[in-house]
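Enquirer: Residue numbers (the numbering used here), protein chains in the order written: chain A, 874 to 1120; chain B, 3 to 357.
Keep in mind the hints are simulated off the structure, nothing from the lab. Don't take each hint at face value.
A few chain A residues that face chain B, going by a derived Cβ cut-off under 10 Å, partial list only [said to hold, decoys possible]:
| hint | residue |
| --- | --- |
| 1 | Gly898 |
| 2 | Leu911 |
| 3 | Thr950 |
| 4 | Lys953 |
| 5 | Ser972 |
| 6 | Ala981 |
| 7 | Gly985 |
| 8 | Thr1069 |
| 9 | Tyr1070 |
| 10 | Leu1072 |
| 11 | Lys1075 |
Residues of chain B clear of chain A, computed beta-carbon distances all greater than 12 Å [said to hold, decoys possible]:
| hint | residue |
| --- | --- |
| 12 | Glu56 |
| 13 | Ser62 |
| 14 | Asp208 |
| 15 | Glu276 |
The beta carbon of each residue, even a glycine, is placed where N, CA and C say it ideally should be.
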Amino acid sequence: MAKLFSRPEALADQPTHYCPGCTHGVIHRLVAEVIDELGIRGRTVGIAPVGCAVLAYNYFTFDFQEAAHGRAPAMATGIKRVRPDLIVFTYQGDGDLASIGMGEIVHAANRGEKFTTIFVNNAIYGMTGGQMAPTTMPGQRTTTSPFGRNTEESGMPIRIAELLASLATPGYISRQTVIKPKYIKKAKQAIKKAFTYQLEDKCFSLVEVVSTCPTNWGLTPVEAVKWAEDTMLPYYPLGDFKTPENN
Amino acid sequence: MGKVLMKGNEAIAEAAIRAGCLNYFAYPITPQSEVAEYLSRRMPEVGGVFLQGESEVAVSYMIFGAAAAGARVFTTSSSPGISLMSEGVSYIIGAQCPAVFVNIMRGGPGLGGILPSQADYNQATRGIGHGDGHLLVLAPASVQEAVEMVMQAFPLAEKYRNPVMVLGDGLIGQMMEPVEFPDHLKTEPSDKDDWATTGMDTRKSDKRNLVRSLFLDPVQLNENNLALKRKYEQMKKEEVRFEQYNTDSDYKVLIVSYGTMSRVCKTAIDMLGEQGFAVGLVRPLTVFPFPEEAVNKAAAKKGCEAVLSVEMSMGQMVDDIERSVRGSCPVHWYGKCGGEVPTPEEVIEAVKQLM
């Protein structure tokens, strides 16, 4: 009997620490599938962030580095500059990338560093216990915005994909989601495109993935999917915002 | 290549290339920007990497990423910039990667000034960042010594898989002196396959390498930190370097001084000798590990009545000296901490007050 579905070689045979209903597991799998399909496991280096994915290195089967909060793009720059033959990706959340690491990601993207970033946007700090992030929705209650995000004080949520797409340097910038099966195929295509641009030594690439955090949102996994679809997707539209071809 | 006349910062830049370090990431800051300017021209000539990062914080992680990927890599900065890099240095120490940091010190705290200083002594010798950890710290007193120390720093960093700092005051970077460059070194850590993220294919191995400073298990973190401690104990046994000057004389006062300041002290000692006063000097070449035994013996010598720490800082080295002297005689401080280098006459005056 033919085996039709199995664990990607790039994904470790290891239960994750992620909460029920969290989308990190799906995104990890998509990254691993893409790495397998492109046959690059032996030349890939991943960079784990600070946040829920801090232990991501436990779930992949290739070389990994663990970064400080927000600094993964600087580390990726260091690796890629000294070893351009390696395929390098950072895996970052929204507190990590859009808050403390904003400087690093903007400058790496603007230099056109030829690595890939998987940016998981779930509108909240997960690992530290559900604090407000730059991507938190207006009115969204978090442990540090108990009355809901007040945009008079905290501004509007930052749209990272649009912000990075506004840079004049060529790049591949896409926003996808994995909250329902119908979105997952497109998300994988975008991730594969991002790694392919890197393989071709073309440009910086980033895929933002709109995600759920049922635990810190205080919702069931099913409610979380609905909230993401109703609240986040209208504000964070999906699609390719920039490709090196249409820069 | 024979002797050439070079500015300290440019000599440091060239020394790194001759040490086989073809990867440099940096952010401009006075008084060491000439290193970056020199290497922006020179790295393309030798097929190396030059990158001006967006901040010292980012640079310290470019260094971390490159070092963790098994490349020989370095950066240079000055005091406020080193403070910003201290975060990355802590991670590099924890993850046990080799890298070289050059600090051409200026005055502080805060923006301080841009003139020579030795005010980062405590920062450099106490591990710089958060957590248990140390740098091996070399302190040159001339442009020639800066060149030699930069070239020694890379093999030392790789021997211990720990960052090494070359700690020079602003004068070391800014003055011109004749220098001679030692022979070229090889280009990469020889044991990198054991730990660096070079990609499994390059190692022809299915064992992946993981570089991290995160150890959530307290037993593991304890083990990692004790491994660091063992390295620092080994440094104390194998890497202590110092110079003694006029210590064969029957001195009543012993000066301990390093870097540019120690050269002024030597002049003062010669002048005092002509006046009939004997003064000895111990000059640490490594400030971590500190030459404890040398200072202890020199202070315990019969006839020695006082030890004087002469520094361009507010007496930061006094703690290390007192720890070494262990009470055999009192330890005093003389120095300036605003950017002026004390003159030999001023040092002589300070010494005479102890006689």
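Enquirer: With chain B as the partner, please determine if Leu1072(A) meets the hint condition of a C-beta pair closer than 10 Å.
Expert: violated, 13 Å
Enquirer: Can you verify the interface hint for Lys1075(A): is its Cβ closer than 10 Å to any Cβ in chain B?
Expert: violated, 19 Å
Enquirer: Holds or violated: is the Cβ of Ser972(A) closer than 10 Å to a Cβ in chain B?
Expert: Given a least distance of 14 Å, the restraint on Ser972(A) is violated.
Enquirer: Please verify that hint: Leu911(A), Cβ, nearest Cβ of chain B, below 10 Å or not.
Expert: Since chain B brings no Cβ nearer than about 13 Å to Leu911(A), farther than 10 Å, the hint is violated.
Enquirer: Minimum C-beta separation from Ser62(B) to chain A exceeding 12 Å: can you confirm that?
Expert: violated, 8 Å
Enquirer: Interface hint check: Tyr1070(A), Cβ to nearest Cβ on chain B, cutoff 10 Å. Holds or violated?
Expert: Violated - the Cβ of Tyr1070(A) stays beyond 10 Å from chain B, reaching only about 19 Å at its closest.
Enquirer: Report holds if the minimum CB distance from Asp208(B) to chain A is greater than 12 Å, and violated otherwise.
Expert: violated, 8 Å
Enquirer: Against chain A, does Glu56(B) keep a CB gap of more than 12 Å to every residue?
Expert: The claim breaks: Glu56(B) does not keep its Cβ more than 12 Å from every Cβ of chain A (closest is about 4 Å).
Enquirer: Hint check: is the beta carbon of Lys953(A) less than 10 Å from a beta carbon of chain B?
Expert: holds, 8 Å
Enquirer: Hint Thr950(A) vs chain B: min CB-CB distance below 10 Å?
Expert: holds, 5 Å
Enquirer: Does Thr1069(A) meet its interface restraint, that is, does its C-beta lie within less than 10 Å of any C-beta in chain B?
Expert: violated, 18 Å
Enquirer: Less than 10 Å between beta-carbons is the criterion; does Ala981(A) satisfy it with respect to chain B?
Expert: Holds - the Cβ of Ala981(A) comes within 10 Å of chain B, reaching about 9 Å at its closest.
Against the hints set out earlier in the document, violations occur for numbers 1, 2, 5, 7, 8, 9, 10, 11, 12, 13 and 14.
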